[in-house]
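*Asks:* So the sequence lines, in the order shown, correspond to chains A and B.
Each residue of the first sequence is one higher than the last, beginning at 1 in the working numbering.
Each residue of the second sequence is one higher than the last, beginning at 1 in the working numbering.
Calculated from the structure, these hints are not laboratory results.
These figures come from a predicted structure and were not determined experimentally.
One or more of the hints may lead you astray.
Stated by the list, open to error - Examples of chain B residues toward chain A, derived with CB under 7 angstroms:
id : residue
1  : Leu223
2  : Leu226
3  : Ala311
Claimed, not checked - Listed next, the stretches of chain A that the computed footprint assigns to chain B, with coverage defined by at least 3 CB atoms under 8 angstroms from CB atoms of chain B:
id : region
4  : 20-30
5  : 77-85
Ideal Cβ placement from N, Cα and C applies to all residues, glycine included.
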Amino acid sequence: MARQSAAIEAMLRDPEATGVIVVAAPEQMAVTEALELRRALHTRLGIQIEAVVVNRTVSSPFKPGETRKLAALDIEDPAVSSALWLHERARSHRAHLARLRGNLRGIPCIALPFVFAGLGDLEPLGRLAERLDRSLP
Amino acid sequence: VSALSRRLAAQRVVICAGAGGVGKTTVSAAVALGLAAEGRRVALVTIDPARRLAEALGLGRLDNDPRPVNRAPIATAGLAVKGELWAMMLDAQRTFDELIARLTPDPWTREEILHNRVYQHLTGAVTGSHEYAAIAKLFELARRPDFDVLVLDTPPSRNALDFLHAPERLGGLLEGRALRVLLAPTGYGARAAGLVVAALRRITGAGLLEDLAAFLGLFGGILDGLRTRSADVKRLLSESSTGFLIVTSPEPAPVQEAIFLARELDRAGLHRCGTIVNRAHPGAAHAAVLEVVARLEPALGRELAAKVAEAHEEVQRLAERDAVALERLELALSDELPICLADRARDLHDVADLVELQREVFGDGLADVSRVAARQS
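The whole structure should be built from the sequences, with the hints applied where relevant.
*Replies:* Structure, rendered in C-alpha cells:
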C-alpha cells in the first residue's frame, strides 16, 4: 500500500506526467477559490498549475456610447432591458476576470464564452474545444 | 405578510442548504435581515462571506461569536430593523477546539489534545469538520437565551447532504469498532490492536504512531461527551422548530441537487420551510428578432436595434432554460412554490443591495419566472 501511494504521488508531482488546469467561473467566489487552489498546490505540494480556464464568460456586443443611448431611452422595452442586463453582466465578468489575471502573474488564463444555447448539441462544444486547443500552452 | 414570513414564523433555527456557488451566503443574510426587520432577535452564522457582504454586515475580521450588525446604514437604506441582527463568521477549527476544551476535564489534557498531530489532521480532514463545526456552533447558540432565531449558512460541501450527516459521521467514527479496539485494548482486542499498531508502524513510521497512541489515550476520556453532543445535535435538527430553506440557482445541476436534497430531507423526517431560486431570469413575451428590430429601429437606428434584438434573443434563451428547470423543481416539490429572485447581473455592493434583496425575498420574489413556467406547462 505504501509503495503504491508513493508511486501515485510521484506521478501527480511529476510535471512531465501531470499538468493541472484550474477551471473557474468569472464570479467572486470562484475566482477567490481558483487563486487559493493555485496557492495551495504550490505551497503544499510544490505543483505549479499550467493554466486557468474561465468558463461561461459573458461579453457585451455594445460600445459605451450605445449603452448610454439605451439607458437614456424613456420607453419600457423588454429587449432593451435584456441588452442592458447583458452589458452589466459582461462588465461584472470583466472585473472578476481582471482580478484573476492580475493575481496569476503570467500563468495563462483563458476565458471561454458563455453558451446561451446550452450544450444540447455538439456544435458549441466543438467551438469551445477549438478555442482551448488554440490557447492552451 | 409574505409567504416566507408565514413559513418561518414558528422557526427557531433556519438552515440554508443547497449546492455551492448559488448565492447561499447572500440569501441567508437577506433572510436574517428580513426576520430581524420583523422584530425578531436574529443571529446569522455565515461560513465564508464574500468581502463585500462581510463589509455590508460590518464583519471586518474573522470572529467566532455573533456581533451586533450596525442598524444605521440599514435604516439609511430604507429598512427599519425592529428586532436585532447579529452576525458571525464561522471558524471551524476554533469551534472544534472550543468544544474539545469544554469536554476535557483539565487544562493539561486539553493542551495535549489540541497540539496533537493526529487531532489536527482529524479535525482538518477526516470528519468533515467544517460541517460538524457549523452544527456544533448552531447547537451552542440555540442554547443561549439571546436569540429568537438562528439563520445558518451551510458550508460549500461537495454535496449539500454532507452537512446533515456530519454528526453521524463523527459519531460513527467514534463508535467504530476499529477505534474502540484501539482505545480499549483488552483480551483478543489487545492482541489485534498490537498487530495493527505493528503493521501501521511499518507503513507510516514511528512519529505519527506515537501521536496516534497519545491521541487515542487522551481522546478516550471525552468520547462520551462527544457522543452525547452528537445525539443532542441530531435531536435539534429534527425538531419541528428547525427548518431547512433550500437555495438553488435555476441551472440544471443545482436544481437537481435541490430536488435531491428536498427528497433526502423528507426521508429523514426533517422539516423543509421553503425553496429560493436565486439569479433567475424573468421571461418576457417571446418576440421574433425582426419584430424587435422593427419596433426599436426608429429610436435606435437599424444597427443598434439589431444588436439589441440579438441580445434579447440570448437572454430569452436563459429565461426559457430557467422556466424548464423551475417547472421540474415545482413538480418535484409539489407542496410549495419556490420563491424566485432576479439575476441582478452584478454582485452585492453594499447594505442597500442587501436591503433590496431582502425586499425581494420577503415580497415573494419575481412573479414573471413562474408565469413563464406556467405558460410552458
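*Asks:* Now tell me, hint by hint, if it's right for this structure.
*Replies:* To see whether the hints hold, each was checked on the structure:
Taking 7 angstroms as the C-beta contact cut-off toward chain A, the hint placing B:Leu223 at the interface is violated, the least distance being around 28 angstroms. For the restraint placing B:Leu226 at the interface with chain A, the shortest Cβ-Cβ distance is roughly 29 angstroms, beyond the 7 angstroms limit, so the hint is violated. With a cut of 7 angstroms, the hint placing B:Ala311 at the interface with chain A holds, because the nearest CB-to-CB distance is about 4 angstroms. Taking a C-beta to C-beta cut-off of 8 angstroms, the region 20-30 of chain A contributes 5 residues in contact with chain B, enough for the three needed, and the coverage statement holds.
With 8 residues bearing a CB less than 8 angstroms from a CB of chain B, the region 77-85 of chain A meets the requirement of three and the coverage assertion stands.
Violated hints for the displayed structure, listed by number in ascending order: 1, 2.
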